[in-house]
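Residue 222 in the UniProt record's numbering sits at position 222 of the sequence shown, and the numbers go up by one each step.
By construction, these hints were calculated from the structure, which means they are not laboratory data. Be careful, since some hints might not be right.
To be verified - Straight-line Cα separation of at most 27 Å, DSSO-like style, residue types lysine-lysine; simulated pairs:
id, residue 1, residue 2
1, K28, K62
2, K9, K50
3, K9, K92
4, K245, K148
5, K50, K86
6, K62, K92
7, K85, K125
8, K60, K148
9, K60, K85
10, K50, K110
11, K60, K92
12, K86, K125
Unchecked claim - So the derived label-pair ranges between C-beta atoms look like this:
id, residue 1, residue 2, range
13, S164, T23, 56 to 62 Å
14, E244, V137, 43 to 49 Å
15, E10, L186, 16 to 22 Å
16, I177, H131, 33 to 39 Å
17, I144, K28, 55 to 61 Å
Just so it is clear, CB atoms sit at the ideal spot from N, CA and C, and this is done for glycine as well.
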Amino acid sequence: MKSSHQMIKERRDKLLALLTTETSLLVKEISLELAVSEITIRRDLTALEKMGLVQRTHGKAKIVQKTGTEDYNEEIEILKNAIAKKAAEFVKDGNTLFINTGSTALSSLKNLENKRVTIVTNNVKVANLDHNPNSTVILSGGEIRFPKEALVGDIAIDSFSKMSSDISIIGCSGLSIENGITTPVLHESKINSLIIERTNGLVIVVADYRKIGFSSNFTSGKIKDINYLITDTFASPEVIRAIEKQGVQVIQVEL
Numbered sequence: 001m002k003s004s005h006q007m008i009k010e011r012r013d014k015l016l017a018l019l020t021t022e023t024s025l026l027v028k029e030i031s032l033e034l035a036v037s038e039i040t041i042r043r044d045l046t047a048l049e050k051m052g053l054v055q056r057t058h059g060k061a062k063i064v065q066k067t068g069t070e071d072y073n074e075e076i077e078i079l080k081n082a083i084a085k086k087a088a089e090f091v092k093d094g095n096t097l098f099i100n101t102g103s104t105a106l107s108s109l110k111n112l113e114n115k116r117v118t119i120v121t122n123n124v125k126v127a128n129l130d131h132n133p134n135s136t137v138i139l140s141g142g143e144i145r146f147p148k149e150a151l152v153g154d155i156a157i158d159s160f161s162k163m164s165s166d167i168s169i170i171g172c173s174g175l176s177i178e179n180g181i182t183t184p185v186l187h188e189s190k191i192n193s194l195i196i197e198r199t200n201g202l203v204i205v206v207a208d209y210r211k212i213g214f215s216s217n218f219t220s221g222k223i224k225d226i227n228y229l230i231t232d233t234f235a236s237p238e239v240i241r242a243i244e245k246q247g248v249q250v251i252q253v254e255l
């Protein structure tokens with residue numbers, strides 16, 4: 001049986017395919033063609049418009065012409081940015097914040113606005129961002145692993161082991177009941193585990209729907225280590241319910 005997020009994705013793919021065959025279509029026409037309610041079609045069009053995939057005018061919708069790869073990448077980036085923005089809301093002025101090398105975790109820093117914080121990370125890419133001049137950015141040091149520009153090894157581990165944070169925002173490659181928070185890189189899993197261990201306050205995992213229910217090679221932490229999971233509404237409802245049963249607060253951002 002297909003999960004509801006799969007059904008939504010398939011329906012929206014069909015909607016986009018339909019719009020590629022016509023200059024524009026009325027909501028009623030799309031509803032009849034796909035055999036779903038007009039309310040559902042309007043909801044889908046709202047989400048697709050926010051993703052930059054469709055344009056609506058005078059009750060009609062038309063496709064925004066791009067390649068399939070661009071469509072997919074833009075959709076994912078919009079989801080990740082929405083997740084990152086929500087995560088940033090939990091960071092308070094004066095906090096010390098740990099983040100790992102996850103791209104969504106890094107994006108959360110762009111949404112801190114004027115908060116004065118201390119950021120501790122093993123992500124070299126943090127140096128490319130604009131920061132509040134009253135904030136402090138601390139790189140852990142260590143061996144740089146490319147292409148991710150992650151700092152790993154004994155020096156990085158030693159740095160994190162001597163610090164603690166008020167809050168951490170962690171990206172991952174997979175999150176499952178069976179294997180917890182996972183990453184494909186052993187060296188990074190050790191740092192991630194230490195980030196969780198040395199966080200005195202909230203541990204927030206940020207992951208879009210592609211990561212939910214998926215497991216990578218190395219475990220960084222257990223589900224019970226997480227205070228908040230921030231994901232999107234495409235995430236598998238079955239996995240989300242199982243995660244919530246472990247005591248995790250789940251926030252699903254909507255587009």
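A range of 33 to 39 Å was offered for this pair. Does it hold for the Cβ distance of I177 and H131?
37 Å, holds
Hint consistency between K9 and K92 [alpha-carbon to alpha-carbon, up to 27 Å]:
Violated. K9 to K92 sits at ~35 Å, over the 27 Å cutoff.
C-beta pair E244, V137: status relative to the range 43 to 49 Å that was hinted:
34 Å, violated
With 55 to 61 Å as the target window, see if I144 and K28 comply at their CB atoms.
Hint holds: Cβ distance 56 Å, inside 55 to 61 Å.
Measure nothing beyond the straight line between the CA atoms of K50 and K86; if it is 27 Å or shorter, mark the hint as holding.
17 Å, holds
Run the distance test for K28 versus K62: straight-line Cα separation, threshold 27 Å.
Holds - the C-alpha atoms of K62 and K28 are around 14 Å apart, at most 27 Å.
Given the hint that K85 pairs with K125, does the C-alpha gap stay at or below 27 Å?
18 Å, holds
Pair hint K50 and K110, alpha-carbon separation not exceeding 27 Å:
Distance ~19 Å between K50 and K110 Cα, so the pair holds.
Does K92 lie within 27 Å of K60 when you go C-alpha to C-alpha?
43 Å, violated
K60 and K85: Cα distance at most 27 Å?
31 Å, violated
27 Å Cα cutoff - pair K245, K148:
Distance ~33 Å between K245 and K148 Cα, so the pair is violated.
Could one say that the CB atoms of E10 and L186 fall in the range 16 to 22 Å?
Roughly 36 Å apart at Cβ, these two residues miss the hinted range, so it is violated.
Hint violations for this structure: numbers 3, 4, 6, 8, 9, 11, 14, 15, all remaining hints satisfied.
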